[in-house]
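So the protein sequences, as listed, match chains A and B. Offset between the first sequence (1-based) and the numbering used here: plus 5. Offset between the second sequence (1-based) and the numbering used here: plus 5.
Mixed in with the good hints, there may be bad ones.
Note that the list lumps identical chains together, so a pair holds whenever it fits in one copy or between two copies.
SDA-like mimics (lysine to any residue), calculated; alpha carbons at most 20 Å apart, straight line [stated by the list, open to error]:
{"hint": "1", "residue 1": "Lys-195", "residue 2": "Gly-166"}
{"hint": "2", "residue 1": "Lys-127", "residue 2": "Pro-158"}
{"hint": "3", "residue 1": "Lys-267", "residue 2": "Arg-204"}
{"hint": "4", "residue 1": "Lys-127", "residue 2": "Pro-296"}
{"hint": "5", "residue 1": "Lys-195", "residue 2": "Arg-214"}
{"hint": "6", "residue 1": "Lys-267", "residue 2": "Leu-314"}
It should be emphasised that the hints constitute simulated quantities derived from the structure, not laboratory data. These numbers come from a predicted model, not from an experiment.
2 protein chains.
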Amino acid sequence: MTPATTRPTADPRRLSGVLAPVLTPFRADLAPDPARLVAHCRWLLAHGCAGLAPFGTTSEASSLSADEREALLDALLEGGIPPGRLVPGTGCCALPDTVRLTAHAVRRGCAGVLVLPPFYYKGVSDDGLFRAFAEVIERVGDDRLRVYLYHIPPVAQVGLGAALVERLLRAYPRAIAGMKDSSGDLANTKRMLDLFAARGFDVFVGSERFLLENMRGGGVGCITATGNVNAAAIDRLFREWDTTSAERLQDEVNAIRGAVEKVPVIPALKAILAHHAGDPGWGTLRPPLVPLAPAQRDALLADLARLGLEMPGLGG
Amino acid sequence: MTPATTRPTADPRRLSGVLAPVLTPFRADLAPDPARLVAHCRWLLAHGCAGLAPFGTTSEASSLSADEREALLDALLEGGIPPGRLVPGTGCCALPDTVRLTAHAVRRGCAGVLVLPPFYYKGVSDDGLFRAFAEVIERVGDDRLRVYLYHIPPVAQVGLGAALVERLLRAYPRAIAGMKDSSGDLANTKRMLDLFAARGFDVFVGSERFLLENMRGGGVGCITATGNVNAAAIDRLFREWDTTSAERLQDEVNAIRGAVEKVPVIPALKAILAHHAGDPGWGTLRPPLVPLAPAQRDALLADLARLGLEMPGLGG
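With the rest of the complex left out, here is chain A (with noise of 0.2 Å):
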C-alpha cells in the first residue's frame, strides 16, 4: 500500500481532512433555508471541517430542483463561504442538470464537485458511465474542473469500479481528482488506493469508521453525514492518524457513528441539530424521508449526551 508521504500531488488548491456533506435546513412549507444553511457552514468550518460538500446524499441534494441548488451556493458565497472550501454535489440523472451544477461550481471558483453517476437506470455499462462522465467534463471544458468521483451503491445502486476509473483518469487526468467511497466496503477503498493514489487520485472514504484505515492507506480524509455533527472529534483522529492516539480517537468517533446509526441518519442528524441549536425547525425533511419518531430521537439524544457529544457554539 502507497504510504502518504509518497503521494505527488502537489496541488495546493486540493482538500483533504473533514468535509461534511452538510444538512439542508426547510422552512415549514419545505422551502430551502439559506440563512441557516449559511450559519451551519459557518459553524462547521470553525469547528474541524475542512471542507464542506454541500448537496450530498446527507443534504438531500436529490430533493431539491437545478435552480434551488443553484441558488443555494450562491448564498453560501454571498454568506462568505470561501469557494475554495467548498465541493459541491453536482451529479443529477440528467445530463444538462449536471453539466450546469457542474458548469456553475467551476465558475464560482469550488475546490471541486462530487459527481454521481446517473442513478436511474441499473446495470449500465462501463462504456455509458464513462460517457456520461466524459460529457461533463468536456461540455463544462474548463481546466479548473476538479471532479470527485461519488461512489454509494448502497443508495445510487450504479457503482464506479476501478476499470471505469482507470479509463477516466487516463482520459482527464487532471480533471479527474479523487472519490468519495461510500461502498462502506474497506476493500473496495484499499483497491482504488492501491491502484490509483500515487497518481494524484484523492481517496475521501464515506465514513469516519475507515478513516483511520484509509489515512494508513494512502487516502487523504472523510466526507462524513456524522460530520454535521462530530466534526472536531473527527478531525482530531485525521490529524493524530498517525499517532499512538489514533486506535482510541477511531474508538470514540466510531461510538458516536454508532448511535447514529441506530436510526436512519439523515433524520437522526437532522434532530441532533435542531436539539443542539435549539431550533426545532432543522428536524424538517423533504419527502420521502420522514422525522424520527420521538421516542427514537429521544433514544438518540440520549445515547449521544452520554456519550458526551457537545456541539459548543451551535445555535449561539
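Mind docking chain B on chain A? Use the hints.
Below, chain B alone, put in the same frame as chain A:
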C-alpha cells in the same frame, strides 16, 4: 377477480388500450428533437396507440431536465397531438420538479400524469412515499389532476405497495386514477386488480406479455415500451382479448417482445425505429445508455424481419 364489466368508472376522459412510452429522439449533439418526436407521436396514434405516455422510462425521461420535458410537451401540443391522449411522466426525485411538471401537464389538459416515486433514497417508508404523492397532489391543487402511480421496482428500486395505494385512494379518491404496473410480477398485478379495480383504479401493465391476463382481471390496457414499434398488433390483442383469437394474438406479440428483450430494450427500440424510418439519427441515446453493438442490431433486425414486424408509413 372483478370482471371488467362491473368497473364503476364512467369518466369518459379515462384512457384504455395501448399507450406507448414514447422514445425521445436526440440530435447528434444530444439535444432533444421536437420535430422528430411529434412525427413519431402522430405515427403512433395512427397505428394502434390509444394514448401516449411521453417521458417514461423508455423515453429516457430521467435523462432530460425539467426544462426539456416542459418544452417537449409544449412541442407535442403545438404539433397537434391532442392533450386528451397524453399521460406524460412527471415523477422526479425532487418535489418541486414533480410539482412543476405535473401542474404544467394538468394546465395543458393532459388526460393524466404517470408519476414515479422519488427514487434516489432506498428503503423509504410508506409514510414518506404517501407524503411525497400527497404534497404533489395538494400543491398542484387542481380537480382535473389524474395520477397514475408508476410502479417499476426493477428500475426505480422504490416500489408502491398495496397499503400505500389504499391510503392514497382513501385520501385522494378523485386524483388517484390508476397504476402502471411494471413489476413484471403478475401476482402483483392481480393483487392491485382484486383490491382496487372495482373502485375505479385503472391498472395498466408495463408489458404486453401480461395484457391478456390484465384484461381478464379487470385491467384497462398496457403502457409498453414495444408500443413504440408494435402497437397495432398489441392493440388488436387489446380489442379481441375476450375472443377465441386472444391466445394466438398474445403469442404473436410475445414473439416480437422476446426478440426485443434479447438485448437492452431502449437501444433496441431506437435501432428498430432508425431502421424502419430510414433515419440513423433515431439511434442516438443519452448517456448512461449506449447504442447496440452493430452485430446485436443486425441480429435483432433479422429476428424481427423473420417475425414479420412491419412499420408502415414510418418516416414516410
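Requested in this report: Could you work out which earlier hints the structure fails to respect and list their numbers in ascending sequence?
Outcome: 3
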